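**Q** Read left to right, the sequence shown gives residues 3 to 147 (this note's numbering).
To be clear, the hints were calculated from the coordinates, so they are not data collected in a lab.
Given the structure is predicted, the values throughout are model-derived calculations rather than measurements.
Treat the hints with care, as some may be off.
Unchecked claim - Pairs of lysine-lysine residues, derived as BS3-like cross-links and limited to a Cα-Cα distance of at most 30 Å, are as follows:
1) Lys136 - Lys126
2) Lys17 - Lys136
3) Lys9 - Lys136
Unchecked claim - Here are the simulated distance ranges between beta carbons:
4) Gly8 - Phe34: 40 to 48 Å
5) Glu122 - Asp100: 21 to 29 Å
6) Gln38 - Ala91: 37 to 45 Å
7) Asn72 - Asn107: 23 to 31 Å
8) Glu85 - Pro144: 19 to 27 Å
9) Lys9 - Glu59: 19 to 27 Å
10) Gln16 - Arg94: 16 to 24 Å
11) Asn97 - Ser14: 19 to 27 Å
12) Phe34 - Thr82: 34 to 42 Å
13) Thr74 - Thr20: 27 to 35 Å
By construction, the Cβ of each residue, glycine as well, lies at the ideal position given by its N, Cα and C atoms.
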Amino acid sequence: MNSNSGKLDLTSLQKAITSLSQLYARVTDESFMSKQDQITRFGLQAGLIQNLEFTYEVCWKMIRRWLEINVTPDSVDGVTRRELFRMAAENRLINDVDEWMTYHNLRNNTAHRYDSALAEDAQKLIADFIRAAKRLLDYLQPHND
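Assemble the whole structure, with the sequences as input and the hints as a guide.
**A** Pasting the structure below:
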């Protein structure tokens with residue numbers, strides 16, 4: 003956040019989404035992945051999960067900061083993640099509270115446990131998460147003053 007203007011610096015969100023999108027495209031490219039050895043494939047998949055976790059963290063923190071700036075600074079103090087997402091939906095930052103709770107649960111599961119089955123399940127949701135994160139960014143860009 004830029005303390006002088008009350009605007010969010012969206013650079014970290016833009017970079018996180020771009021990085022996640024690019025790595026997702028590479029990891030889901032069967033031709034590319036089939037040419038990699040098992041260690042490289044595992045490393046790329048693990049990196050994708052870490053990138054998902056980081057991008058999710060940036061998203062919810064941007065939501066929180068936007069609500070602090072545009073609703074009231076105290077509006078998000080002590081609220082649950084579901085309540086934060088409910089407030090975000092009320093302010094049109096996100097479309098669906100349950101969808102974002104799914105991403106929250108995915109992030110929690112991947113942060114505490116990693117295995118190939120979880121990675122495959124996560125990979126199926128990452129494309130949806132990328133679209134939701136882009137919608138968030140698309141909303142924040144013109145509503146950031």
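**Q** Let me make sure I understand: some of the numbered hints might not hold for this structure. Which ones are they, in numerical order?
**A** none
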